[in-house]
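S.K.: Going by our numbering, the letters in the sequence shown line up with residues 223 to 1128, in that order.
For the record, the hints were derived by calculation from the structure and aren't laboratory data. Each hint should be verified, as a subset may be incorrect.
As the list claims (entries may be wrong) - Taking CB as the label site, the calculated pair distances span:
1. 912 to 1084: 27 to 33 Å
2. 609 to 832: 41 to 47 Å
3. 330 to 671: 35 to 41 Å
4. 428 to 996: 24 to 30 Å
5. 966 to 1005: 19 to 25 Å
6. 526 to 493: 18 to 24 Å
What the hints assert, rightly or not - For lysine-lysine, the following DSBU-like pairs were computed, each having C-alpha atoms within a straight-line distance of at most 30 Å:
7. 973 to 802
8. 1088 to 1104
9. 403 to 642
Positions of the beta carbon are idealized from the N, C-alpha and C atoms, including for glycine.
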Amino acid sequence: MSASSGFKLPPSSLPDGIRVSLEKHIPICRPAARPEVSGDIDLHSISAFQKAANYLALAQIYLSSNAVLEKPLSRSHIKKRLLGHWGTCPGLILAYTHLTALISRLETRSDCKLCMSEDDRYSQDFSSVDETDCLRRFLFVTGPGHGAPAVNACLYLEGSISEFYRDETLDEEGIERFVKKFSWPGSGRPSHVSATTPGSIHEGGELGYALSVAYGAVMDKPDLVAAVVVGDGEAETGPTATAWHAHKFIDPSESGAVLPILHLNRFKIAEPTIFGTMDKKELLCLFSGYGYHVRIVDYYDHTTDHSLPGDEKIQCLDIDMANSLEWALREIREIQSAARQGEPIVKPRWPMIILITPKGWGCPSTVDGKRIEGSYRSHQVPIKDVEQDDKHFQILEEWLRSYEPHKWFKADSEQGSNFKLHPLVRRMLPKNVDLLMGRFKEILEASARLENLSPAVFMVKECTEASGMDLVGEYLAQVIRSNPHTFRIFSPDELESNHLGKVFEVSKIGRRNFQSDSSCLLTKSTRGQGGRIIEMLSEHTLQGFCQGYALTGRTALFPSYESFLGIVSTMIEQFSKFIKESKAVQFRKPIASVTYIETSTLWRQEHNGFSHQNPGLINIVLNLPKDIARVYMPPDANCALTTVAHSLKGKDHVNLIVGSKHSTPIYLSPEASHEHCKRGGSIWPQYSTHGGEEPDIVLVGIGVETTYETIAAVQLLKEEIDGIRVRFVNITDLMILAEQSAHPHALIDEKMIELFTEDKPCVFNFHGYPSAVQGLLSTRLQLLTPKSYGRRVNVYGYKEEGTTTTPWSMLRLNGVDRFTVAQSAARLLFEHGDDAEKEARTDEGLHVGSHKLVKLEERWEDEKRKSDAYAREHGEDPASVKLILENFKRESIKTSKLPSFHPAPC
């Protein structure tokens, strides 16, 4: 890589000749003296757009008023808090400008037409389509953090800001509002690209995800090209490193294409980047190995002098960038055309561009004797202390005026206005405004509705056993058949392990869409064109795929092992923030929810050990914005089917479903499971004593294995304590336990009392960390209790006691087994100071005497010791721990026997 003055780049030891074979070479001719147009590349308009956009980006960072410098600059015009990042802005503007100009050129060429109509977009019959004649739609994905001033500036000049923010018009008042809004309190316009940014599908706060989001966006969008700018700081992240492989999951016959633009300006916040210290040979070898055909557009190939974007002396860089984008689009068309004509290229080399520009290009070269342009000092706000330092203030004004704002934002006396945007700035824009990248239609339209989502046919009778994931797999196969172009499953290499393998039995499209392995005879039957399943051992990349797919109008499902899905917890948090912001933006339509299924849960990871036992994602999702988060714990297979079907219909939610892949009892009939899931929780009379009426104590099961053990605890109490009245409650929607103001699903106080009574002690046996339920309940149950001493409540759950052991031993080690739950209930019924041999009933309810309690605890502790000893000797659990449901007096659950809860809002 060439280097700017003062930047020493150690050479690599790779042979010089390697560049010739790996790099795409395009001859660049210098234009004649000041041409109006070079070929059909409108260099004058491209230059004007860049200068105006760079000015606006800079003005957003520094100015609160006097937006186009119609008056001499004064300190009263400067923002009190200087926020934003200048360093990446000029490169982003260069990329955005040239992509927009390319769209315009494609539009005006006589042989171009729309690639396909809306009706034909998903026909998958491309035999009559000439790819060289197709006009692609473009999407711009911004990777570099805090690059919003650049993107905002381009969106304002193209008219998209004014389209969606009607007070920011292309006039004097509008531009004042636009410039001031950036990073201004209460404006909703942060320093990074977000949901408030027209055309954006990526939350730019956390680095690493832009590339995978872009690839998710183009899946099943055959006419779409997503141009994604990846900063060289972002490129250091692990998620980006794996996402470079994402093109291997793109079938060019059915999907669009991603054009990665790696923007190298060599520096991050305080030091050089890894990629910035690599020479061109190293970069070419790396990205050629990833599978790309690389074109390098290097500022320093054209000049080593200081310049401003759009300057005539750097015009060859504009020609270079324009020709490189034309080449990239031709390469994309060739790859897609071959695949769509039935002759796909084996392992095609997709185009990518490495764009090298100075860090902070266009800012002052030095300030106070220190290098600014082309160094880390231009990363954020290059000139500081402008309010206090006269010299810095003067440098800032000279820098602002160097972009000639008076030329681009000029007075218009004929129209009676003080402001008019020079027509040269907008001449390069396409005439069809729907082609503008800020008008990307998928964010303006409702997400595609999934068809045929009823799970009823897959449900089984109560009092049998079934694997929830086996039934869900059969159901998802139906969803795939009915929605072959608007639904995908993204998962690590675990679908078979998680008992979801039925999805692979769908003819033609029930396949893994892994293009690099499409010719492998061993796996050909489950891989290839039209595959709805993507499996990759990078949860980060899969999460990016999910986000891009959902934010462009389709539905994504992400099943995984429970212990490892938490790897993407911060990505889920960022995605939920994007959803929350998008709901507050009028021009965005509801987004299809992303649904996560956690299976292979901690309670059945006894064979894999401690590392595979982690329910922490539940706590993460509980802390997401209240109108976004959904956490479901279906207790059996029928409830799992109902929950998955409900979640796939949703909009603007993050759904987390925790279920088991193992065969477990079916507690509820299909009709009862639907009603139970609609309520989120209910009393189960058939697993209570006395039908659950007038209980002495309430036992609550939340989760598959913990529900099983809690029902067994009810049986123990019934057998050992005469006359005890136990109510069993199951919770499947965790959010109903929250404070009323904390979540829309939260039950009102009257409904909480119907479930848990006003004052009876409660034992919660929970699948995950006890803190999750404790945080939801807080003091809510105590506040429902009229008595001053409050209510006695115990919460049990996973307490990090994991190892390689037997399934039931895992429950015992963590204190969620039936004996521990029964002991807890007996203790809560114990009245201090009573040494009675057995239980006694008073006006306040049933009390267990101390002698009785001691005997019960000794017996149940002995049972636990025996089970432990048996497991250590035989390597399996004793048969005695299997729950014999037939011991219960069985009754069919009928809606009339249950409290009349109002269904939770969806």
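S.K.: Next step is simple, just say for each hint if it's right about the structure.
M.R.: Tested hints:
Roughly 29 Å separates the CB atoms of residue 912 and residue 1084, a value that falls within the hinted 27 to 33 Å. Checked against the hint of 41 to 47 Å, the C-beta distance between residue 609 and residue 832 comes to roughly 57 Å, which is inconsistent with it. For residue 330 and residue 671, the hinted distance range of 35 to 41 Å is satisfied, since their beta carbons lie about 36 Å from each other. Between residue 428 and residue 996, the C-beta spacing of about 29 Å keeps the proposed range 24 to 30 Å intact.
Here the CB-CB span from residue 966 to residue 1005 is close to 20 Å, well matched to the stated 19 to 25 Å. Take residue 526 and residue 493: their Cβ atoms lie about 22 Å apart, and the range 18 to 24 Å holds. The suggested pairing of residue 973 with residue 802 holds, with an alpha-carbon distance near 28 Å, which does not exceed 30 Å. Between residue 1088 and residue 1104 the alpha-carbon distance is near 15 Å, which keeps this suggested pair within the 30 Å criterion.
Taken as a hint, the residue 403 and residue 642 pair is honoured in the structure, with Cα atoms around 20 Å apart against an allowance of 30 Å.
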